[in-house]
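Student: Chains as they are written, first to last, in the UniProt record's numbering: chain A, 1 to 501; chain B, 1 to 501.
No lab work stands behind these hints, which were simulated from the structure alone.
Incorrect hints may have been included.
Copies of the same chain are indistinguishable here, so a pair counts whether it falls within one copy or spans any two.
[Unchecked claim] Calculated lysine to aspartate or glutamate pairs in the EDC-like style (CA-CA distance at most 16 angstroms, straight line): (1) LYS473 <-> ASP487; (2) LYS87 <-> ASP441; (3) LYS386 <-> GLU400; (4) LYS386 <-> GLU77; (5) LYS495 <-> ASP206; (6) LYS146 <-> ASP7; (7) LYS177 <-> GLU478; (8) LYS495 <-> GLU5; (9) LYS146 <-> GLU52; (10) LYS177 <-> GLU373; (11) LYS224 <-> ASP36; (12) LYS146 <-> ASP91; (13) LYS386 <-> ASP197; (14) LYS133 <-> ASP36.
Since the structure is predicted, the reported quantities are computational estimates derived from the model, not experimental observations.
2 protein chains.
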Amino acid sequence: MAPTEHDFLALVKQISLLGMNLALIDWDSHTNLPQDGASFRGELSGYVSGQELALRTGSEMKTFIDYFTAHPEALDEKGTQVLRLVKKDFDLNHDIPAADYAAYQQVISDAQQVWEQARVAQDFSLLQPYLEKIVAFKKQFIPYWKRGQATDYDVLLDQFEPGMTVAQLDPIMATLKAGIHQIRHTLATRGTQPRTDFMSRAVPEDVQEQVVRDTVTRLGYDFKKGNLSRSTHPFTVALDRGDARITNRYGIHDFQMSLLGGIHEAGHGLYLQNINPTYDYTPLADAPSMGMHESQSLFNEIFIGRNAAFWQGEYGRFQAATGRLFTDIDEPTFYRGFMATKPTLIRTEADPLTYPLHIVVRYELEKALFNGETTVAELPALWRQKYQEYLGITPANDTEGILQDIHWAGGDLGYFPTYLLGQLYAAQFYHAMSQELPVTDLLASGDYAPITQWRRSHIHWLGASLTPQTLIKQVTGEPLNPRYWLDWMTTTFEKAYQVTE
Amino acid sequence: MAPTEHDFLALVKQISLLGMNLALIDWDSHTNLPQDGASFRGELSGYVSGQELALRTGSEMKTFIDYFTAHPEALDEKGTQVLRLVKKDFDLNHDIPAADYAAYQQVISDAQQVWEQARVAQDFSLLQPYLEKIVAFKKQFIPYWKRGQATDYDVLLDQFEPGMTVAQLDPIMATLKAGIHQIRHTLATRGTQPRTDFMSRAVPEDVQEQVVRDTVTRLGYDFKKGNLSRSTHPFTVALDRGDARITNRYGIHDFQMSLLGGIHEAGHGLYLQNINPTYDYTPLADAPSMGMHESQSLFNEIFIGRNAAFWQGEYGRFQAATGRLFTDIDEPTFYRGFMATKPTLIRTEADPLTYPLHIVVRYELEKALFNGETTVAELPALWRQKYQEYLGITPANDTEGILQDIHWAGGDLGYFPTYLLGQLYAAQFYHAMSQELPVTDLLASGDYAPITQWRRSHIHWLGASLTPQTLIKQVTGEPLNPRYWLDWMTTTFEKAYQVTE
């Protein structure tokens, strides 16, 4: 008997349930797992991951994919979209010899532990042999993954941002480097450095958490469909659209980190809470790419959370929530302090203006590595050289340099550009929204509902039914264009730095 | 090829991992699940339960059971113990026709919802038809389950307390009824009613939680192997011995409930944290019965938490933790108030002296139902009559009467006696321990470690490797004997009520 769409979607639902299960296991591991439960948790996690991978790459799935690829007329529109995604996933995971894939998994598991040790020792050379093995495995796997991409690195980019290429990214990176240089030069030569002393005033963690809770609720995050917990690193995990959880951390002397971190995660959560229910239990109930996912968290964090109009409305609430702590600071002074920009060695501590330069460094190193222009051994020197060139600072050791991110040790090569793409997508969405809504007035008045509704209907509702390229074009009328990001940053920072002609 | 113990235990480990998974899902459902996640959670829970049941009752398990039953020499001691438990579970779940079992599952799912409605309406007649169906299903299933038990109700008792029978319980219940009547008569005629007004003083919930956390830590609950969360009803869930979580609830005007509730759950947690690691990933990593599990929570709650010596040591800490709230109450006055006994309509609100009478009522009704002496329709009248006879009070409506517990609607018939057995086991353990350790001195001095260590080595470490009957005999030198419970209650309450000759 011929396979039916109904049976195909039943298998897809099982995979989705196992994904939900893994999301819960992962969330709990970061929020509630007691120390001595770790080894048991590893067994559980491995067992459920194994079940999930077996279904995603097994013979039953292969039968469905082969049949529906040959008989596309047997699927309706939703089935067709699901097929596109599961087929891509199948191809990614299926062709590689199982023994090689297992060996690779072992290397990234070891590498992440060695990464911790290397950080303590401040010594990249400890990690180097592991990273060399990871790169060698990736180079071995790329031919299995390649589907006509122009370069090997394009293959890796495509795994996190489908359709993204070096050909698109190279000019974008060049434009950003020049544009950011220009803005920073303007601020340094014609701007007024904001007062920032009050930014480290002690705000109790419970107060910070309550501010985050209130703010993200007003920004549309629905606590009937999620919750807010504490973890070492903030993250969002979507079990399903009725349970899109966020976590946050609080630093008593760093309310800005906590506040923007919470608003950021709530952007991810908002996305997942508002996907079309038709897509439940399929891979369509997700963002179409990592970059697009980040576009919604960064829209929250930067284009709302660092928007002058937003703080005009919010600052009174913030003052009230923090008692008498900020009564001596008026709103313009507060906002300018909030927007101070300064190059940092650590990517995750960067302000939005300098952040892209951290990504440029990583992008250029990854690209050189996979397109044969450098070796793992040469990376630390290149890292230092590029940080000096682009940001004007040099790490004193590997821990605050090339060892700062776990991504490479975890095998996530080609991932970093999605953080930057998220910013660019967000800026372009913000521009398009501004053509249809009085965004500044809405932000200043605290009436965020029309903004949330716009994002929901134009972006969130669609889930992963469109590719990122199709989505950005459909929503904004043009392909990805870094100009909107540069324009917003120029205007915003020049205003915060009181740049005059 | 003949099945090997290694492969058998690998299957058992898979079942154990799925059980761990279900425990996590259940814990999270009661602590962190947002409202709109409920329907998705139901699907996940059903899927994982289905996987687990399939392994527990599938053909692979049958092959192992058949082979090792015929070739017991092929298993070592641990394998033999595991076989005993999985075979019992297999027999319980396998023989019943699948369609009947599914219909039964549907009835108990419906019945639990109807139970909620019936409670709101204060009307047992709404639940009656569902309970009749549940009883009919049980009567239909009992022949499949029966393994030589003397009465049908014995079959149900055995499912929660292996080996327990009406023949053992009838004289125990009679002894307890008479003994409790005697103690209550003594207190009423020759005792002094304690002052209790201070028992409802407002203690902030966070303070209560901190007191619970400190107290259970001193009583040996290990937060490296568990955690404490809030939920509507307190419970313990053991994912594994490295992750035995407890929850608690807090009532600002009922610190006693919160404190004893937390200590109770920590007793369950303590048990599970201290089972022999050899039993990991097998059903041996659990208590041998529900009653034995309760023996350890009730040991904590009653024989420590209501022990005069314990409060001699703890009251100063309690006073300090609650600020100036109890400075006017001295320790003897506090302890006497803590021990006030009064019949209640609600089982879960009962003090330990009257608690067994609640179980006697339920035991007598269940026994009559299954041994053909009454019908579901007659239960409410019998309930009222027995409450009046044993406790001297009559519920004004079904909600504070026969509808107070969800157990019957959930198909848990034969379960209630385990709560009472837990008390009796605990008293007998306490007596045995007192022969070997200066228990009162240790409690008064706050040096709880020897008590914890005794429980660990005599009871917890053994997991489910012995039957409850073997365990109680091995630890105390004799079979279950309600005399120890009656002796302790007599002495303790007469002292608290200042009974003189």
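Student: Should LYS495 paired with GLU5 be assigned to within, between, both, or neither, using CA atoms and 16 angstroms as the limit?
Tutor: neither (56 angstroms within a copy, 74 angstroms between copies)
Student: How do LYS146 and GLU52 come out at 16 angstroms by Cα distance, when the copy is not named: within, between, both, or neither?
Tutor: neither (24 angstroms within a copy, 39 angstroms between copies)
Student: Using 16 angstroms as the alpha carbon limit, work out where LYS87 and ASP441 are close: within a copy, between copies, both or neither.
Tutor: For LYS87 and ASP441, neither the intra-copy (45 angstroms) nor the inter-copy (70 angstroms) Cα distance is at most 16 angstroms.
Student: I want to check one pair: LYS386 and GLU77. Are their C-alpha atoms no more than 16 angstroms apart within a copy, between two copies, both, or neither?
Tutor: Cα proximity of LYS386 and GLU77: none, with 47 angstroms in one copy and 65 angstroms across.
Student: Evaluate LYS146 and ASP91 at a C-alpha cut-off of 16 angstroms and name the case that applies: within, between, both or neither.
Tutor: Classified as within; 10 angstroms inside a copy, 53 angstroms across copies.
Student: For LYS473 vs ASP487, is the C-alpha pair at or below 16 angstroms within one copy, between two copies, both, or neither?
Tutor: neither (19 angstroms within a copy, 82 angstroms between copies)
Student: Is the C-alpha distance from LYS224 to ASP36 at most 16 angstroms within one copy, between copies, in both cases, or in neither?
Tutor: between (32 angstroms within a copy, 6 angstroms between copies)
Student: Cα distance capped at 16 angstroms. Does LYS495 pair with ASP206 within a copy, between copies, both, or neither?
Tutor: neither (33 angstroms within a copy, 46 angstroms between copies)
Student: Given identical chains, is LYS177 near GLU373, meaning Cα to Cα at most 16 angstroms, within a copy, between copies, both, or neither?
Tutor: neither (21 angstroms within a copy, 88 angstroms between copies)
Student: Please sort LYS177 with GLU478 into within, between, both or neither, judging by C-alpha distance up to 16 angstroms.
Tutor: Classified as neither: same-chain Cα gap 22 angstroms, cross-chain 83 angstroms, threshold 16 angstroms.
Student: For LYS386 vs GLU400, is the C-alpha pair at or below 16 angstroms within one copy, between two copies, both, or neither?
Tutor: within (14 angstroms within a copy, 74 angstroms between copies)
Student: With identical chains, the pair LYS386 and ASP197 could be close in the same copy or across copies; at 16 angstroms between alpha carbons, which is it: within, between, both, or neither?
Tutor: Intra 30 angstroms, inter 73 angstroms, cutoff 16 angstroms: neither.
Violated hints, in rising order: 1, 2, 4, 5, 6, 7, 8, 9, 10, 13 and 14; the structure is consistent with all others.
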